[in-house]
Amino acid sequence: MDCLVGSANGMLKSINLVENTFKNMSVVSSLVPKRDEITTLCWSDEEQTELLSAQLDRQLKLFDSLTGNYSTLFNAHGGEGPIKGVQVVEDGNIATAVQSGLVTIWGTEGTSKLQYEAGNDLLRMRVCPTRRNYFATGGKENPLKLWDINTPDTPTFTSKNVPPNWLQLRVPIWINDLRFLNNSENVVTCTGAHQIHVYDPRSGQRRPVQELLWQEEPLTAMSTCANDKHVVAGNTRGEMALFDLRNKARMVHKFKGFAGALRSIDAHPTAPYVASCGIDRFVRVHNINTKELVKKIYCKARMNCILMRRQLSLLTTVKEEKPDRRRKKKSAEEDEGDDSHRSDSDEDKDAIWEDMGVVAEKSAAAKKIKRKVKSPPVDDDEDDDDDVIIVEPKRNK
Amino acid sequence: MEDEGDDMPETSQMSQSSKGGDGVGTAKTALKSSRKMSRMVKNEKGRAMRLQKAAAKRERQNARQKVRETLGEKAPPKEVPRTIENTREVDATMVEPEDEEVMHDEAHDEMAAYFNRETTPKVLITMSPYAKVMTWKFCYELRKCIPNSEIFSRKGVALKKVVKQATKKEYTDLIVVHEDRKKPNGIVLCHLPEGPTAYFKINSLKFSKEIKNVGESTSHFPEVILNNFNTRLGHTVARMFACLFPHDPKFTGRRVVTLHNQRDYVFFRHHRYEFKKDGSKAALLELGPRFTLRLKWLQKGTFDTRCGEYEWVLKRHEMETSRRRFFL
Chain V
1 MDCLVGSANG MLKSINLVEN TFKNMSVVSS LVPKRDEITT LCWSDEEQTE
51 LLSAQLDRQL KLFDSLTGNY STLFNAHGGE GPIKGVQVVE DGNIATAVQS
101 GLVTIWGTEG TSKLQYEAGN DLLRMRVCPT RRNYFATGGK ENPLKLWDIN
151 TPDTPTFTSK NVPPNWLQLR VPIWINDLRF LNNSENVVTC TGAHQIHVYD
201 PRSGQRRPVQ ELLWQEEPLT AMSTCANDKH VVAGNTRGEM ALFDLRNKAR
251 MVHKFKGFAG ALRSIDAHPT APYVASCGID RFVRVHNINT KELVKKIYCK
301 ARMNCILMRR QLSLLTTVKE EKPDRRRKKK SAEEDEGDDS HRSDSDEDKD
351 AIWEDMGVVA EKSAAAKKIK RKVKSPPVDD DEDDDDDVII VEPKRNK
Chain D
1 MEDEGDDMPE TSQMSQSSKG GDGVGTAKTA LKSSRKMSRM VKNEKGRAMR
51 LQKAAAKRER QNARQKVRET LGEKAPPKEV PRTIENTREV DATMVEPEDE
101 EVMHDEAHDE MAAYFNRETT PKVLITMSPY AKVMTWKFCY ELRKCIPNSE
151 IFSRKGVALK KVVKQATKKE YTDLIVVHED RKKPNGIVLC HLPEGPTAYF
201 KINSLKFSKE IKNVGESTSH FPEVILNNFN TRLGHTVARM FACLFPHDPK
251 FTGRRVVTLH NQRDYVFFRH HRYEFKKDGS KAALLELGPR FTLRLKWLQK
301 GTFDTRCGEY EWVLKRHEME TSRRRFFL
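Keeping their order, the protein sequence lines are chains V and D.
Each residue of the first sequence is one higher than the one before, starting from 1 at the first, in UniProt numbering.
Each residue of the second sequence is one higher than the one before, starting from 1 at the first, in UniProt numbering.
These aren't lab readings, by the way, just hints derived from the structure by calculation.
Treat the hints with care, as some may be off.
Below 27 Å or equal to it, Euclidean Cα-Cα: the simulated BS3-like pairs (lysine-lysine) are [said to hold, decoys possible]:
hint, chain 1, residue 1, chain 2, residue 2
1, D, Lys296, V, Lys256
2, V, Lys34, D, Lys169
3, D, Lys277, D, Lys296
4, V, Lys295, D, Lys296
5, D, Lys209, V, Lys254
6, V, Lys256, D, Lys315
7, V, Lys140, D, Lys161
8, D, Lys160, V, Lys140
9, D, Lys160, V, Lys34
10, D, Lys164, V, Lys291
11, V, Lys140, D, Lys66
12, D, Lys315, V, Lys295
13, D, Lys78, V, Lys34
Every value quoted in this text rests on a predicted model; they were computed, and no experiment measured them.
Bound-form chain D, shown alone (with noise of 0.2 Å):
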């Protein structure tokens, strides 16, 4: 056996090798052995259950699909997996479609002024102080994406100055890559007269040039997507991202970037759409950065950590206790 044969050197350089006499070389190399073989016992039956549990699955998945034939229509529904999502835990302040008192509260809230259409979104990119190389990538690829964006470089200024000098300038929003070790990890998303500062946290960067088969952009206004924002602090940062696309998307351009969140991470994609087969389907090429965002703390006001008050902080021992509970 092919066992034997792999033992059987190793056996003659330990007996060679050992001081100790034979005696010791042999109990050790048998140990080793004899843990090589119960390994590979153990694979095998291992194997063998798991394709004796995969083919019980098939057979109780056929029998249920001949049941589904044979009723037809009576068949009993199929049944919906639980998942994370499903079971998530109730949250009060889950938005209900007509609560009269929330969208009084959103129209009259900070941002009000550009869902009323009274002001274009203008929006000013920077970054840390004396920010490298990958800061400004990320910052190059923003104002790709976002239409009506600036970049300058922040060369030692407080960002409450920065808040000031932007607000005369007229800018609408400010975004703040924040770096730390050489890379981006952070934005902060200010919108500008007197709105709510939010502070992300970047997880998983992936620039254009990474992306397999990327696509290039272009600069028509894109459509915005936000899924699945639904507590009433899921509203206030989707209307914050919204605030930053123009109003109007130019539907010719097919460029559509989407924010979506699922359990409290906030994926941001860029593609082109177009629709197939009598649009019922759209194929996607993807252009543009993908990153995820986590939300750490919403800040009523411009930016000021030392005095501001905070609307939502994520405290993790208090907050993150539940895995089926989220914010967003």
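The shape of chain V in the complex, shown without the other chains (with noise of 0.2 Å):
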């Protein structure tokens, strides 16, 4: 089970990237699309093994991977609409946010602990992943709002919309998908008018502070990778592209092989790889880095969200043959393996300290003669080493 998807039919299917199969978790005939279809998924806990799927009626489920169990928890009265977003927050509490705009947090058993009222339209809800007591929310005409848990009554950060274009018509929120960056509080949103925001809430700007616009066509899902500063997005015309949020942000490259729009993407934290799901009822997994669409498994539902694990069987097969560096010095297991790496290393750092030592001793020798030669003004020239360059101003003179 590499990928688990959840469909517009409310079937959960539990994918197989080596095999190219799908396996369904329920029985097609008991199901009833307007009342079960899958609005939003997430990982229950920390080892990827259990999955929580928030349905069309609001019934929450758990399905526990080990054991294949597909039980409903509860149901998440309260507000109007579907459920646009549950996740997981500190304590094992369950958050699930409505169209309407009612965040609730719930207790294993059902119980609401504590409600928030995000706005009207509200399109998704994520937590950080890093703070488990912090979440964002935003959605159509619905500016993003960073909240912490503790405080219910207002946000800890609500955003700005950007100015208004070029015709000086107001640009319309939208926001359809967000995520928190990698190892930081910044959020990142893709919008219906086919933006790419990046807020940062610890500074004091409340509007974007980086915007990418990027074709025609809203923007309906985004993955953070491997990467800190790579974002993948994808629209409803079924393009998929690679965004690097540095400076100038840009689109790197296109993936290829879509038919139709995108609802979920899900990426790889540290493999190269990045798995979407649409409407088109394909799953593909593309390599984020060469752009080549690795795998295509057709799943005959249009589906509407995806989770990719971060046991990928795909990497346990691949890693034979690719091994990587940067891995195989933290891993202990893979440098008994590779001697010859490790011990380069060593005698760089031993290196690295002798050259140190020596560096110590010749300084006190060295400020003396500094000392010397610096008292009389007219040693500019004598202070110009061969290795460091530095332009001084020339103030004795």
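With the hints as a guide, bring both chains together as one complex.
Have a look at this one:
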């Protein structure tokens, strides 16, 4: 089970990427799409063995991948509209966000503990993966809001809309998907007005720190990937691209092979794979860097959300062929096998230490020499070392 | 010989008109005549080769025929010729006959209401704003062909508004004939309550009057034949077409509308049939328009090209790379 997909007819499918097959987790004939459509999915534990899914009739279900058990937890009542975000917050509590804006924190039995009003037409809610008591919400005409769980009255950060465009027309706010960037509290959002925005709540700025416009169709899904500065986003026309969010945010390259709109994208946190699903009934896995289509699996139903596991069976088969240097230095097992690398780095380190020792011994002498040299004002030329070029303001003269 | 006869007047004219002396003129004509000669020779050689090939082929066919006659039952079976449809690229989305999940999907999709007999088709036909004669002619033909349909002139109303108004008046389908350069060139087919929207490009269109020995159409509900829509996308498109026509055809009217898909082109034909020879053969009398459609995109939901989600878009550079790959 490499990926788990929730489809529009209510079926939870587990996908095996090596064998290119999928397995249904429930019986087809028992499903009623208008009631059972899966709207969101999330991992419910750190080891990614349990999964929470939210259905159109607000039932929350728990899927245990070890036992294959797919059972109902409780009904997330309150507010109107489908559940747009399900996440697990600290202490094992579950947060659900509904389209009418009501965000509720539930205990595991189904008792609602806290409630927040996040504004109408909420389209997405996500919890910060590093700080489990911090979440973000956004939607249509519903600006990005960052909430601390302990303060239910007001959000800690509310974003401001961008200035009117070159025609002096107000740009609509339509946040379709949002993600917390790796190792930071910055939030990146993709909008229906074909923009990608990066917000930094710790800077004083409420407006997006970065904006990138791409194509003309609404962007519907996005994901962060292994590289901190990269983000993958897809739109309704079936185009998915990799974006670089450094100084000048730009598109790196597009991924090909799609026929229809993308509904959900999930990238692996360390390996260069990104899985995507949409309403053209295919699950596709691309290699982020080489943009090649690695896997394409037909799943017979329109799909709403996808989650990719950290332990991919694809990785264990590929690892033997392509060793990754970074991982080898970290993991103890592989160090034994790669002595040459280790000895080189050790030698380098030793050399560095020796150099540093020598420099320390010299520095006292150098200081003495320098003191002697610096006192007469004419000695600016002698201060010019071979390896250090310093442009000094000539104050003496 | 006739060749030289043709050449003679030319050369005399050329030599008279040429100023640079006879040398240049005769060289040109010599080249011309030699080219003519070589062309004649090539034609003859080609003809001879073709006759040889045909003769060889006939010999082989006769030989095979004899073998078949002599062996009778035990003869090796006839070889099947290789065609593009035969060698079509394998498509994972081909629908198996008893696929439970696909059947469940279709039983719950937007067009299920028609197939469950909960709604009867009511079609609204309209066209591009300020359409010209040809488009109106095409709309009249469509109205004659599709029972329970009405034409409304567009008058510059936005398509999203048309969709809203039609849904309010309880139409089940909307056909918009798109016009370019005074000729109809596309059809937007929108299934109404919240159904998918498809855009087809019209490839060749012949009106009834242009068809030889055309017949008069009647108002009996036609039978609908949908051929060769094998993939999942094909199934969706076929169901959209089926939703246009009323459920129960009047068999005594002997009227049939055929939508035949071959290599992603959908051929629309409209006939009256009559069974001859105890029902083994049927004679066809063509009625109504004859046109070809090609699917350009299929969108989930009613017409919204800006913000709607596309279920399938034809991307030529990615999808039209193989001659043996089809999507419907």
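Cross-check of the supplied hints:
1. Under the criterion of a C-alpha separation no larger than 27 Å, the hint pairing lysine 296(D) with lysine 256(V) is consistent with the structure, at around 18 Å.
2. The hinted pair formed by lysine 34(V) and lysine 169(D) meets the criterion: a straight-line CA distance of about 25 Å does not exceed 27 Å.
3. A threshold of 27 Å between alpha carbons decides the hint, and for lysine 277(D) with lysine 296(D) the separation of about 42 Å lies outside it, so the pair is violated.
4. Our distance criterion of 27 Å between C-alpha atoms is met by lysine 295(V) and lysine 296(D), whose separation comes to about 26 Å.
5. Straight-line distance between C-alpha atoms of lysine 209(D) and lysine 254(V) comes to about 50 Å, which puts the hinted pair past the 27 Å bound.
6. Among the hinted pairs, lysine 256(V) with lysine 315(D) is consistent with the structure: their alpha-carbon atoms are about 10 Å apart, no more than 27 Å.
7. Among the hinted pairs, lysine 140(V) with lysine 161(D) is consistent with the structure: their alpha-carbon atoms are about 22 Å apart, no more than 27 Å.
8. Between the alpha carbons of lysine 160(D) and lysine 140(V) the distance comes to roughly 20 Å, so the proposed pair stays at or under 27 Å and holds.
9. Distance restraint check for lysine 160(D) and lysine 34(V): the Cα-Cα separation of roughly 25 Å lies within the 27 Å cut-off, and the hinted pair is therefore satisfied.
10. Distance check on the hinted pair: lysine 164(D) and lysine 291(V) sit about 42 Å apart at the alpha-carbon level, beyond 27 Å; violated.
11. Of the supplied pair hints, the one linking lysine 140(V) and lysine 66(D) is violated, its CA atoms being roughly 77 Å apart against a limit of 27 Å.
12. A C-alpha spacing of about 20 Å is found between lysine 315(D) and lysine 295(V), which places the hinted pair at or below 27 Å, so the restraint holds.
13. A threshold of 27 Å between alpha carbons decides the hint, and for lysine 78(D) with lysine 34(V) the separation of about 52 Å lies outside it, so the pair is violated.
In this structure, the hints that do not hold are numbers 3, 5, 10, 11 and 13, in rising order.
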